[in-house]
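Asks: Protein sequences appear in the order of chains A and B. Take the first sequence: its letters are residues 1 to 658, numbered as in the numbering used here. Take the second sequence: its letters are residues 1001 to 1824, numbered as in the numbering used here.
Honestly, the hints are just simulated from the structure, not real lab data. Please note: incorrect hints may appear among the correct ones.
To be verified - Taking lysine-lysine pairs in the DSS-like style, the calculated list, with each CA pair at most 30 angstroms apart, reads:
#1 K547/A to K193/A
#2 K1548/B to K442/A
#3 K256/A to K1358/B
#4 K1548/B to K372/A
#5 K653/A to K613/A
#6 K1037/B to K374/A
#7 K1548/B to K414/A
#8 K515/A to K550/A
#9 K547/A to K607/A
Stated by the list, open to error - Away from chain B, derived, C-beta distances all over 10 angstroms, residues of chain A:
#10 F383
#11 H551
#12 G587
Everything numeric in this text was worked out from a predicted model, so none of it was measured. Glycine residues also receive a C-beta, built at the ideal position from the N, C-alpha and C atoms.
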Amino acid sequence: MKLYCLSGHPTLPCNVLKFKSTTIMLDCGLDMTSTLNFLPLPLVQSPRLSNLPGWSLKDGNAFLDKELKECSGHVFVDSVPEFCLPETELIDLSTVDVILISNYHCMMALPYITEHTGFTGTVYATEPTVQIGRLLMEELVNFIERVPKAQSASLWKNKDIQRLLPSPLKDAVEVSTWRRCYTMQEVNSALSKIQLVGYSQKIELFGAVQVTPLSSGYALGSSNWIIQSHYEKVSYVSGSSLLTTHPQPMDQASLKNSDVLILTGLTQIPTANPDGMVGEFCSNLALTVRNGGNVLVPCYPSGVIYDLLECLYQYIDSAGLSNIPFYFISPVANSSLEFSQIFAEWLCHNKQTKVYLPEPPFPHAELIQTNKLKHYPSLHGDFSSDFRQPCVVFTGHPSLRFGDVVHFMELWGKSSLNTVIFTEPDFSYLEALAPYQPLAMKCIYCPIDTRLNFIQVSKLLKEVQPLHVVCPEQYTQPPPAQSHRMDLMIDCQPPAMSYRRAEVLALPFKRRYEKIEIMPELADALVPMEIKPGISLATVSAVLHTKDNKHILQPPPRPTQPTGGKKRKRASDDIPDCKVLKPLLSGSIPVEQFVQTLEKHGFSDIKVEDTAKGHIVLLQEAETLIQIEEDSTHIICDNDEMLRVRLRDLVLKFLQKF
Amino acid sequence: MDPECSQLLPALCAVLADPRQPVADDTCLEKLLDWFKTITKAGSSLLLLQENPCLVELLCHVLKPQDLSSRVLSFSLRLAGVFAAQEDCFQYLQQGELLPRLFGEPGPLGGAAWTAPSVRSGWIQGLRSLAQHPSALHFLADCGAVDTIFSLQGDSSLFVASAAGQLLVHILGLSMQGLAEGHPSLQAGDWPVCAQKIVGHIEESLHSTAVPQITQALNVLTTTFGHCHDPWTQVLWVRLSPLVGSLLEKDPVPAAHSLVDLLLSVARSPGLSSSSCGLWETLAQTLNHLSPTQAGPLALGILKLQDCPQVLRAQAFVILLQPLACVLKATGQDPGPSDVLDSATGDSLTVDALLSSKAACVGLLCRTLAHLELLQPLPQRPCPWPQEPLLGAAVTLLQLCRGSASPASDVGRHLCALLLGCVRVQRAALDFLGTLSQETGPQELVTEVFAVLLEYLRSPDSSPTVLKKAFQATFRWLLSSPKTPGCCDLEPHALLVLRELLPVLQKRLCSPCWEVRDSGLEFLTQMTRHWGGQAGFRHALLASEVPKLTEQLLRDPESYVRASAVTVMGQLSSQGLHVTPVSPEHPGGQQKSLLVELLHILSTDSEGFPRRAVMQVFTQWLRDHHADVAGDTEQFMARVLQVASQDLDWEVRAQGLELALVFLEQTLGQFHSHCPYAVTPPVAAPAGPLAQALQPLCRVRLFEFAFRALFDCDRPVAQKSCDLLLFLRAKTASSSGSLQESRSGPDVASVEAALQRWQAGDQGQPLGDLEPEVVLAVLRSVDLEGLRGALAEGSDHMEKSPQSLLQDMLATVGVLGENEADCY
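Extracted from the complex, chain A is given alone in its bound form (with noise of 0.2 angstroms):
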């Protein structure tokens, strides 16, 4: 059983998991913080942006100049932004039997698996979990072609002048392989692949192992993947949360006795605690607007956003915030708000109530309703005129680099009355603002990060027992910057197995028993013996007939009828003969009795060893050996056969024949 690791991103993984004669893609994430190195793509003319100086070398060579802007002390790429694709060289992908995605943030690379690697299988995900991403991915299609940029720099990424280049672009990995957004094409070419599941069903891949996918209650759809043939179960735990938010319980209790547990997707900001940050969030908001000041929420159209939502929802009538208008725009805003309100069987328990009564199951519906949260797909049109301010923007994308939070950085970064408030924990808050310095807008950092934290982990695993857990490399070390916070890693017995970027692992696990299936007819035959209270044994003689990984025992062909003892067998007829076979033996000797039974039997001068496996009967006399073991009994004596046969005898009066 084998790991490919081709993403180094603890949250947005990417692993294939070889497994019987299976090959399985665990998620599809895409990293996308690679788009922190290029300028911000503005959707009206920037005059700021556009006149950014171009970057030249120490020795004033200015060749990179139309590749490189240089914009308070940062040197950004001036291009369309890049994404930095799972490792593709490390195992053919054509091979990929499944893809099986875990939720809808790691499912973003699916276009470049899908359509540029020769893949022929099927990708199994939720329902909900594939409506999100498509929003995902058509937003992040919108935001990046609506803006076209005709310049496409690749000067900075020969080896020999990114080392030349300064921080971070010296350092950025892989810089060869990083690519430009798909198409919608694509996209709609990949999504049709997929093939939508519900939780707990059951999907046989080729008779081998059969994949379940589980609530994993981190978002609407979100799924953790039980992969299981009839002897082994490894469980895929990807995104899981165990806080009451609005989506679906962690289904914890089907991940127990897992031979192996690969567990990714854990908080990134282990020391925000998720509550304490939506308060945060709420003060530093109603602060700024009691101030006359705009807050800017750059975040994804889809998730922590609802939960936001109901938040303020409780709190802008407490906080005399009603007649400040909220904004919510993006390309796919409306479908976002809609299908979050239709997923209902997806939903925690106290929001599938609601559907019942009925009511929607996300108070967004009533601030919609009551004109407080107003949506619209882009700055441009409707939005222009409605526009009011002090107000609260959400919009996209959280990176900073493109969508439409790039022209309200642009527009409120001057004001400090203003405040930026950065939700998604994907991206470093810092490096999004680079470009954007010097900025008199206030910044706060509140990441609200409901995946599992190292305390839940632990006791997840003290629950659930797997025999052994495997865990990206970033988990079992603390975080560089907080190097005493031993509490900040999983600790587990045995020690968790590390794996990073382009790392082939042997799991530690090898696999005993296949299951065979009886036919009926042959079952009937058989006579079984009671050879302990509740044991009972049978001899069998039978065909083994394996198709499509599955095992059946069948009858053997009826033996031709011997016509005569003279007449040869023919070779070709293959049967066993039953006729010989010698009896078989069960039961253990106990020793005493033994030695007795032999000093009855006039043998003296007996001598018994005991031996790590058993015990050595020594007839010193005879110059005899007799070698008892679990599952063997030696008698070792020089030529003499009677003697080993009345040896042979004594013993096999201590066992039990059928």
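Assemble the complex: chain A is given as a structure, and chain B must be docked to it using the hints.
Replies: Using the frame of chain A, we list chain B on its own:
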């Protein structure tokens, strides 16, 4: 006993003795017993029994085999004890062999009733009352009661077990009273038999291997040394201390908690000269033998002792400080120059106790912090007080709980993992840090204190209770920061802290959690009260958004927060800190609006707390001659009293009377001098000026408000009104006589009629405009003293008499009887 009760008593005794008529209610029996105790205390019990033979009959009757309730049986045992406390009465009861039958083998002791804990408890309490004289001791010895008491020490009911222990102490004390003054000899044979028996039992128990028995013995001794300080106790201690000392040789020390109590009780006893009987050595030995968790309370107790050898105190202090020293050492900090903490480090037992589990670590640290907090303000606390390392330890603990400390050692990392996010330790450490503000420390450490406090105030993870404590500690440290001589403003460093603090406070005032908003406002109130007049503070506050945010909290959805906001706003306004841009044509226009806003809250808020807060602010404003109020006081008063009189919350109405009193004093103050040394005018004050002085009170309808309050259904309001009117009458008493009858308003008769209607509960029509003369006449005619007397009585004063108790008890049973009759 009065004859009425004497008449009722036989019937009651008959009822009690009748198993078919169960006593409904325990409390009646308790009251009855209390009453008998009062009677016997005041007079002869013997006489009482002779005059009321029914009582003895009752006591005899309960002994008959029958299904009497355990309550009545228990009551009878206790009653017998109360009577037998007087020796002559004891003899009287002994004549009839009643006492042995009640308390000895033939009594309930051997019967089925004994299974009821209340009977066992009654038996013990009866004996406890009875054991007051030498005859009682003989009785106890004769009927073998002491052995029964020994066994009851281990009773399943904790009340019985504890009472048994106390009874033993009492009997021991009583029997030793017989000995002559001076030191009894150590020879056991010289002691009274009863005392010998009890001491022997204690010795036996101390030898035992069963922890419960040792605990019982230690508890009896603790009570003995705590209550009795006669010379014999010293002999007792000399005799028993080797046995107690031998307990320390066992590992673990059995009944350590009780042992600590005993040793401290002995050490505190004035009857023992501690130096002569080896107590200090035992204490020192005990400190060494107990586990860190058990040793803490003993160390604290030793440090609280008034006179105690310095060496022992030092040892105790080292033990007490050990957990904190470990924390400092584990985080790689130098415990500082203090020898005390230096010698406290390196105790592996304490480290083990700290690291054994989260619960143990948290428990030990919280207890240590609490002990040190108790010790800090005491005059006998250790000197020199290691302020600096203690401050360091508190700060480090707070950092460990937040994960912001970076310990280098393994122990430190382990501690960090145990304490991370622990709210209990956070609260204890913040409290302790606040206590340490009584003294200051080196500047860099104070800077660290403020840094960690700010860290807590800023942290989104601080729980509301932790935040509250952090606010309190911050305030105490701001208060304690050194002041420039001759100036009570905040010193420059504290001002810097304040500048950092205000943005945090701003954010906290916007918190979604109401407890946090509330503690933020409380903190602001405290700060404004202290530094509201100081330039530095005013400047920083006015430059922030805090006043504006506070005003918005007047409309908070949570009533507690609104109430706190009202208080703060009232104070800010008084100090001139409630400033919003004032338009030139409306000078002070914004100021007016606060008054309007508070009036709005008073008349419309659905919750009591904000309304009460408004009334308090108004009262303070009136006292301080606040500009808004002083402008048109009469209109203000009239409006507020009108709203307050209709309030459903009695505290608001009571506060309205407080406001009225202030107004009254201010109005009449102009009429009469308040100066106690002023020469009283020889003639009555002329009517004219008095009437004139009363006019404003009439105009604001203060009298109608007060008269109505006089008959308020809530007693405190009525009392307050009564006091106010009596005060007014005293003020105006000298001006009687020459008043003219009213001309326009209602006359005296109609006012009196209205008052009668109000008293009857009919709060109908208003009175209309009253004339001062009518008011004065009514004041004289109403029996205010009588009313005050009636109000001062408890509401149950009519029902409290013994007669009524007896009647009630009979009535309850009588009702039952009637029902029975109906049935047949």
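Asks: Each hint should be assessed against the structure and marked as holding or not.
Replies: Verification of the hints:
Between K547/A and K193/A, the direct Cα distance comes to roughly 27 angstroms. Compliance with the 30 angstroms bound is thereby established for this hinted pair. For the given pair, K1548/B sits about 20 angstroms from K442/A by alpha-carbon distance, which is consistent with the 30 angstroms threshold. Among the hinted pairs, K256/A with K1358/B is consistent with the structure: their alpha-carbon atoms are about 27 angstroms apart, no more than 30 angstroms. Among the hinted pairs, K1548/B with K372/A is consistent with the structure: their alpha-carbon atoms are about 24 angstroms apart, no more than 30 angstroms.
At most 30 angstroms may separate the alpha-carbon atoms for a hinted pair to count; K653/A and K613/A meet this at roughly 21 angstroms. With a C-alpha separation of about 79 angstroms, the suggested pairing of K1037/B with K374/A is violated against the 30 angstroms cut-off. Only pairs whose Cα atoms come within 30 angstroms are accepted, and K1548/B paired with K414/A is accepted, the gap being roughly 24 angstroms. Proximity of K515/A to K550/A is assessed by CA-CA distance (about 8 angstroms); at most 30 angstroms being required, the pair is judged to hold.
Between K547/A and K607/A the CA atoms are separated by roughly 55 angstroms; this puts the pair beyond 30 angstroms, and the hint is violated. The Cβ of F383/A lies farther than 10 angstroms from every Cβ of chain B, with a closest approach of about 27 angstroms, so its non-interface assignment holds. No Cβ of chain B approaches the Cβ of H551/A within 10 angstroms, the least distance being about 50 angstroms, so the stated non-interface status holds. Every Cβ of chain B is farther than 10 angstroms from the Cβ of G587/A; the closest lies at roughly 49 angstroms, confirming the non-interface assignment.
Comparing the model with each numbered hint stated earlier shows that hints 6, 9 do not hold.
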